[in-house]
Amino acid sequence: MNRSRRRLLRQLGGLCTVGAAAGIAGCSSDDTDGPTPDGDDLPTEVTVDMTDDLKFVPETVEIAVGGAVTWENVGVVAHSVTAYADRIPAEADYFASGGFDDEAAANRAYPEGGSIGREESYAYTFETPGTYEYYCIPHESGNMVGSVVVG
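The opening position of the sequence shown corresponds to residue 1 in the working numbering, with each subsequent residue numbered one higher.
Keep in mind that the hints were calculated from the coordinates and are not lab data.
A portion of the hints provided could be inaccurate.
Under the rule of at most 20 Å between Cα atoms (straight-line distance), these lysine to any residue pairs were calculated in the SDA-like manner [unchecked claim]:
(1) 55 x 143
(2) 55 x 76
(3) 55 x 107
(4) 55 x 115
(5) 55 x 118
(6) 55 x 78
(7) 55 x 70
(8) 55 x 138
(9) 55 x 119
(10) 55 x 117
(11) 55 x 133
(12) 55 x 142
(13) 55 x 75
(14) 55 x 123
(15) 55 x 129
(16) 55 x 116
(17) 55 x 141
(18) 55 x 120
(19) 55 x 110
(20) 55 x 74
(21) 55 x 77
(22) 55 x 131
(23) 55 x 72
(24) 55 x 84
(25) 55 x 124
(26) 55 x 145
(27) 55 x 149
(28) 55 x 140
The calculated label-pair distances, taken between Cβ atoms and stated as ranges, are [as the list claims (entries may be wrong)]:
(29) 52 x 92: 29 to 37 Å
(30) 119 x 90: 31 to 39 Å
(31) 108 x 40: 35 to 43 Å
(32) 143 x 40: 32 to 40 Å
(33) 102 x 51: 23 to 31 Å
(34) 128 x 47: 17 to 25 Å
(35) 53 x 91: 33 to 41 Å
(36) 87 x 111: 19 to 27 Å
(37) 105 x 133: 14 to 22 Å
(38) 43 x 112: 29 to 37 Å
(39) 121 x 84: 14 to 22 Å
(40) 138 x 70: 15 to 23 Å
Glycine residues also receive a C-beta, built at the ideal position from the N, C-alpha and C atoms.
Take these sequences, add in the hints, and give me the full structure.
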């Protein structure tokens, strides 16, 4: 092999090594442009359908602090949205369709109060971060339950 060819091969080999190192370094970047866990990319409005299949769709939603969830009855069967009092953040206000202050009152009043009929809706704004679990009073035994993750 002549000298100029060896020199060319050494230079190419060196360039390949530098290029490979740069490529590997690029793969391990500290890019933080993606979603962050602090809730900045969470929606401020979410809609949950209540169906004749006795489901909340979607069953679990995520929303930003200060965001609102609207539950819409898309079928003909009446439903409710009733928080489990012991499954919401301790500092959070209680929520239920019909505007009840506690779970017992919501259960006592249903169906005269808190019933969401065909094409009706109920909305609630979540001000406290945490997980909120809720159910439909007449269909809880059929597992019509859902959750809202705030923040």
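For each hint, the structure was consulted:
At most 20 Å may separate the alpha-carbon atoms for a hinted pair to count; residue 55 and residue 143 meet this at roughly 8 Å. At roughly 13 Å between alpha-carbon atoms, residue 55 and residue 76 fall within 20 Å of each other, so this suggested pair holds. Between residue 55 and residue 107, the direct Cα distance comes to roughly 19 Å. Compliance with the 20 Å bound is thereby established for this hinted pair. Pair hint residue 55 plus residue 115 holds up; C-alpha atoms about 15 Å apart against a cutoff of 20 Å.
Proximity of residue 55 to residue 118 is assessed by CA-CA distance (about 15 Å); at most 20 Å being required, the pair is judged to hold. Proposed proximity of residue 55 and residue 78 is supported: the alpha carbons are some 12 Å apart, at most 20 Å. Among the hinted pairs, residue 55 with residue 70 is consistent with the structure: their alpha-carbon atoms are about 15 Å apart, no more than 20 Å. Distance check on the hinted pair: residue 55 and residue 138 sit about 12 Å apart at the alpha-carbon level, within 20 Å; holds.
Restraint check: the Cα-Cα separation between residue 55 and residue 119 comes to about 15 Å, which is no more than 20 Å; the hinted pair holds. For the suggested pair residue 55 and residue 117, the alpha carbons sit about 15 Å apart, so the restraint of at most 20 Å is met. At most 20 Å may separate the alpha-carbon atoms for a hinted pair to count; residue 55 and residue 133 meet this at roughly 14 Å. Restraint check for residue 55 and residue 142: satisfied, since their Cα atoms lie roughly 9 Å apart, inside the 20 Å limit.
This hinted pair checks out: residue 55 and residue 75 have alpha carbons roughly 11 Å apart, not beyond 20 Å. This hinted pair checks out: residue 55 and residue 123 have alpha carbons roughly 17 Å apart, not beyond 20 Å. In summary, the hint linking residue 55 to residue 129 is not supported, as the alpha carbons are separated by about 24 Å, beyond the 20 Å threshold. The suggested pairing of residue 55 with residue 116 holds, with an alpha-carbon distance near 14 Å, which does not exceed 20 Å.
Distance restraint check for residue 55 and residue 141: the Cα-Cα separation of roughly 12 Å lies within the 20 Å cut-off, and the hinted pair is therefore satisfied. With a C-alpha separation of about 16 Å, the suggested pair residue 55 and residue 120 falls inside the 20 Å cut-off, and the hint holds. For a cut-off of 20 Å, the pair hint linking residue 55 to residue 110 stands: about 19 Å separates their Cα positions. Annotation: proposed proximity of residue 55 to residue 74 holds, straight-line Cα distance about 11 Å (limit 20 Å).
With a C-alpha separation of about 11 Å, the suggested pair residue 55 and residue 77 falls inside the 20 Å cut-off, and the hint holds. For the suggested pair residue 55 and residue 131, the alpha carbons sit about 19 Å apart, so the restraint of at most 20 Å is met. For the suggested pair residue 55 and residue 72, the alpha carbons sit about 12 Å apart, so the restraint of at most 20 Å is met. With a CA separation close to 17 Å, the supplied pair residue 55 and residue 84 stays within the 20 Å bound.
Of the pairs offered as hints, the one joining residue 55 and residue 124 holds, with about 19 Å between alpha carbons and a cut-off of 20 Å not exceeded. Taking the CA atoms of residue 55 and residue 145, the gap is near 7 Å; set against the 20 Å cutoff, the hint holds. For a cut-off of 20 Å, the pair hint linking residue 55 to residue 149 stands: about 18 Å separates their Cα positions. Distance hint between residue 55 and residue 140 is fulfilled; the C-alpha atoms sit about 10 Å from each other, no more than 20 Å.
Separation of residue 52 from residue 92 is about 30 Å and conforms to the stated range, judged on CB atoms against 29 to 37 Å. The beta-carbon spacing between residue 119 and residue 90, approximately 35 Å, falls within the hinted interval of 31 to 39 Å. About 41 Å separates the C-beta atoms of residue 108 and residue 40, a value consistent with the hinted range of 35 to 43 Å. Taking 32 to 40 Å as the suggested C-beta distance range, the pair residue 143 and residue 40 conforms, at roughly 33 Å.
Checked against the given bound of 23 to 31 Å, the beta carbons of residue 102 and residue 51, roughly 27 Å apart, stay inside it. Checked against the hint of 17 to 25 Å, the pair residue 128 and residue 47 passes, with Cβ atoms roughly 21 Å apart. Checking the proposed 33 to 41 Å range against residue 53 and residue 91 shows it holds: the Cβ atoms sit about 34 Å from each other. Our hint of 19 to 27 Å for residue 87 and residue 111 holds, since their Cβ atoms are close to 23 Å apart.
Between residue 105 and residue 133 the beta carbons are some 18 Å apart, a value that agrees with the proposed interval 14 to 22 Å. At roughly 33 Å, the beta carbons of residue 43 and residue 112 sit within the given window of 29 to 37 Å. Taking the beta carbon of each, residue 121 and residue 84 are about 21 Å apart, inside 14 to 22 Å as hinted. At roughly 20 Å, the beta-carbon separation of residue 138 and residue 70 lies within the given 15 to 23 Å, and the hint holds.
Checked against the numbered hints given earlier, the structure breaks only hint 15 and satisfies all the rest.
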